[in-house]
Amino acid sequence: LCCECGQAHPLLDNHLYNFQDEVDDELICHICLQPLLQPMDTPCGHTYCFKCLENFMQEYNFCPMDRKKLSFQQCHKSSLLVRNLLDKLLVLCPFKAECQQTMQRCELEAHLQNRCPGFKKYKSELQRKRNPISKGKEESPAKGDTNMPRDPELPSGGSSLVAESSGAAVVSLGTAEPGLVNPAFEETEEGESLVQKTSLVAETTTIEIHREDPEEELGMRIVGGKDTPLGNIVVQEVLRDSVIAADGRIAPGDHILEVNGVNISSVTHCQAVSFLRHPGPVLHLMVLQEKGFSNKTAQQDSTSTSREVIHVTLVKRDRSEPLGIKLIRKTDEAGIFILDLLEGGLAAKNGKLSRNDRVLSINGQDLRQGTPEAAAQIIQTTESRVNFVILRQSGLQLGEPGEDGSTSNSSSSSSSNGGSPVHHRRRPDQNHYRRKSSYQKKTVAIKKEPKESLGITIGGGRDNKNKLPIYVTSVQPIGCLFRDGRIKRGDVLLSINGIDLTHLNYYEAVSALKSNAASHSVTLKVLEILSLNSPEPSLDIREQGFSWSPLWITWLGLPSYLHFCQDIVLSKGNLESWGFSIVGGFEESKGNQPFFIKTIVPGTPAFRDRKLKCGDEIVAVNGVPAIGMSNSELIPMLKEQRNKVTLTVVSWPGSLV
1 LCCECGQAHP LLDNHLYNFQ DEVDDELICH ICLQPLLQPM DTPCGHTYCF KCLENFMQEY
61 NFCPMDRKKL SFQQCHKSSL LVRNLLDKLL VLCPFKAECQ QTMQRCELEA HLQNRCPGFK
121 KYKSELQRKR NPISKGKEES PAKGDTNMPR DPELPSGGSS LVAESSGAAV VSLGTAEPGL
181 VNPAFEETEE GESLVQKTSL VAETTTIEIH REDPEEELGM RIVGGKDTPL GNIVVQEVLR
241 DSVIAADGRI APGDHILEVN GVNISSVTHC QAVSFLRHPG PVLHLMVLQE KGFSNKTAQQ
301 DSTSTSREVI HVTLVKRDRS EPLGIKLIRK TDEAGIFILD LLEGGLAAKN GKLSRNDRVL
361 SINGQDLRQG TPEAAAQIIQ TTESRVNFVI LRQSGLQLGE PGEDGSTSNS SSSSSSNGGS
421 PVHHRRRPDQ NHYRRKSSYQ KKTVAIKKEP KESLGITIGG GRDNKNKLPI YVTSVQPIGC
481 LFRDGRIKRG DVLLSINGID LTHLNYYEAV SALKSNAASH SVTLKVLEIL SLNSPEPSLD
541 IREQGFSWSP LWITWLGLPS YLHFCQDIVL SKGNLESWGF SIVGGFEESK GNQPFFIKTI
601 VPGTPAFRDR KLKCGDEIVA VNGVPAIGMS NSELIPMLKE QRNKVTLTVV SWPGSLV
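Each residue of the sequence shown is one higher than the one before, counting from 1 in my numbering.
Honestly, the hints are just simulated from the structure, not real lab data. Misleading hints may appear alongside valid ones.
What the hints assert, rightly or not - Restricting the straight-line Cα-Cα distance to at most 25 angstroms, the calculated cross-link-like pairs of lysine-lysine (DSS-like) are:
id : residue 1 : residue 2
1  : LYS442    : LYS525
2  : LYS514    : LYS488
3  : LYS448    : LYS525
4  : LYS514    : LYS451
5  : LYS68     : LYS51
6  : LYS447    : LYS514
7  : LYS514    : LYS448
Claimed, not checked - Here are the in silico distance ranges between beta carbons for each label pair:
id : residue 1 : residue 2 : range
8  : CYS3      : ASP87     : 10 to 20 angstroms
9  : PHE62     : ARG240    : 17 to 27 angstroms
10 : GLY603    : ARG240    : 17 to 27 angstroms
11 : GLN566    : CYS3      : 34 to 44 angstroms
12 : GLU125    : GLU588    : 45 to 55 angstroms
Positions of the beta carbon are idealized from the N, C-alpha and C atoms, including for glycine.
Build out the structure end to end from the sequences listed, making use of the hints.
Okay, here's the thing in structure tokens:
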């Protein structure tokens with residue numbers, strides 16, 4: 001909590017106060033709709049908070065009210081009289097459970113530091129919170145109490161598949177993510193197969209993050225979770241000037257495998273957010289980072305005395321049918337290894353291949369010194385029968401028994417496709433894609449005094465980077481909407497007094513709300529988010545010190561008329577891949593699911609373009625809608641686009657941690 005105002009807000013944002021009385025409209029900032037803080041006057045006669053105006057002028061060169069040309073250097077501090085009037089506004093102590101005092105706004109900081117029993121209690125509890133973190137470092141996560149929520153379905157003692165399948169810190173992902181247009185394999189213009197002598201390399205790294213303030217945001221946005229098609233937790237964005245940005249080792253596209261020794265590669269999105277928001281001065285993260293393509297040569301074959309050779313035949317119904325096998329190459333051992341079998345895929349249903357099996361040959365072609373790309377080529381060009389000869393070490397079978405015939409499948413990936421080494425197989429009873437959520441439209445009509453404010457703050461707007469609809473970020477304890485009680489934080493605002501808000505930018509929405517709030521009656525139409533079957537506790541208790549915004553998973557179920565689609569045009573050379581992987585698509589067991597970008601490979605066209613992000617939803621390819629397509633239908637369409645492709649995407653902001 002902020003030591004000056006006693007409330008949670010980002011370090012660079014304005015302080016928050018609970019005012020005892022309705023504040024005169026002349027003392028309200030027309031940007032944040034709150035009483036002015038460090039007021040600044042413009043040459044055209046308007047007054048705004050210093051920080052509000054500074055942030056606005058970084059993007060625009062006009063006054064928010066009359067749109068006259070303006071620069072920040074032309075503005076100046078308001079008069080001493082105005083500043084004194086603002087400082088004397090009466091506010092309530094934010095710790096109302098322990099302290100009911102009222103004071104002038106300028107006196108609140110001294111009250112909190114010297115006299116408030118509530119703030120003193122908060123600081124004591126904060127100090128006690130730090131001890132379990134340091135104690136937990138010396139205990140096994142499987143035995144010790146991590147003070148974090150655990151997924152009841154998380155395998156006991158589970159570690160990342162990187163550790164299970166390879167002792168090396170570096171693995172080569174020669175095949176792509178589920179649904180990826182294989183980044184290391186393309187066909188020539190003449191249709192001849194070309195196996196590039198490169199592999200996609202990924203490296204696991206343990207990163208120690210230090211925070212002077214244990215409650216400070218890490219400053220990154222995440223997407224994914226076992227309850228989404230992405231499966232893993234993926235970094236979507238690193239915010240400038242944040243703790244993570246200052247450290248410099250984590251980048252968009254990294255997969256987060258562990259937090260303080262706890263495996264989060266198979267937890268829900270909400271649980272991952274809780275883990276990463278857990279306070280503490282030191283945070284240990286294990287991440288998997290794709291490093292792009294490498295020309296590493298295979299090392300000499302290693303031998304073992306406890307291995308057996310097994311012959312397995314898989315029969316494809318047609319040439320394009322996927323096998324659902326994820327292949328890797330290790331740095332400490334020559335050849336190709338099975339990293340995972342995608343549930344519902346042909347190999348998983350057959351049940352004879354297992355994780356960590358080494359592929360010796362496919363259809364008689366020797367792959368003891370081969371690459372995943374070579375295996376992909378053989379599988380893709382085979383019409384029907386795919387004959388594997390594999391080497392299995394006794395006691396190292398990592399497959400999960402009892403799941404043969406499962407119809408659950410994370411994606412309909414092509415047979416050459418692979419995936420992230422931390423993608424656990426999903427059990428058939430786990431939720432997949434989005435949690436069951438419904439959105440209830442409601443109309444709120446209230447009577448009010450003309451000068452009475454609505455008492456809400458908002459976020460979003462079509463000028464926002466992610467083109468979000470307008471939503472409520474807080475309902476202040478003053479104003480008519482708090483008294484009415486029907487408008488909640490997170491509600492999406494559709495209209496006010498018949499004026500459509502869904503296509504407005506932030507400042508237009510603020511203006512519309514403010515002008516209509518001056519009337520005796522206000523009618524708001526909103527979309528209320530109703531989350532069903534959500535086993536996770538509310539994250540509110542973990543949002544101390546975090547600026548509130550809806551979680552990424554919340555946006556996924558919004559009705560399509562609130563989506564904002566944008567076209568992203570990528571260009572590449574003949575022998576390049578597009579450089580991104582996809583998951584999702586139509587499956588018989590789950591019906592239509594959106595396609596999502598799972599990974600973006602460094603050094604590729606998608607990476608260089610910088611517009612596509614992990615977690616983006618693909619709506620169309622070259623104007624052809626993707627809905628209803630299976631993974632195996634969309635992949636060939638992407639491969640056919642030799643030098644240029646237009647992706648229509650919806651981009652939702654990841655959850656802030």
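| query | Can you list which hints this structure breaks, lowest number first? | reply | Hint check: nothing fails, all pass.
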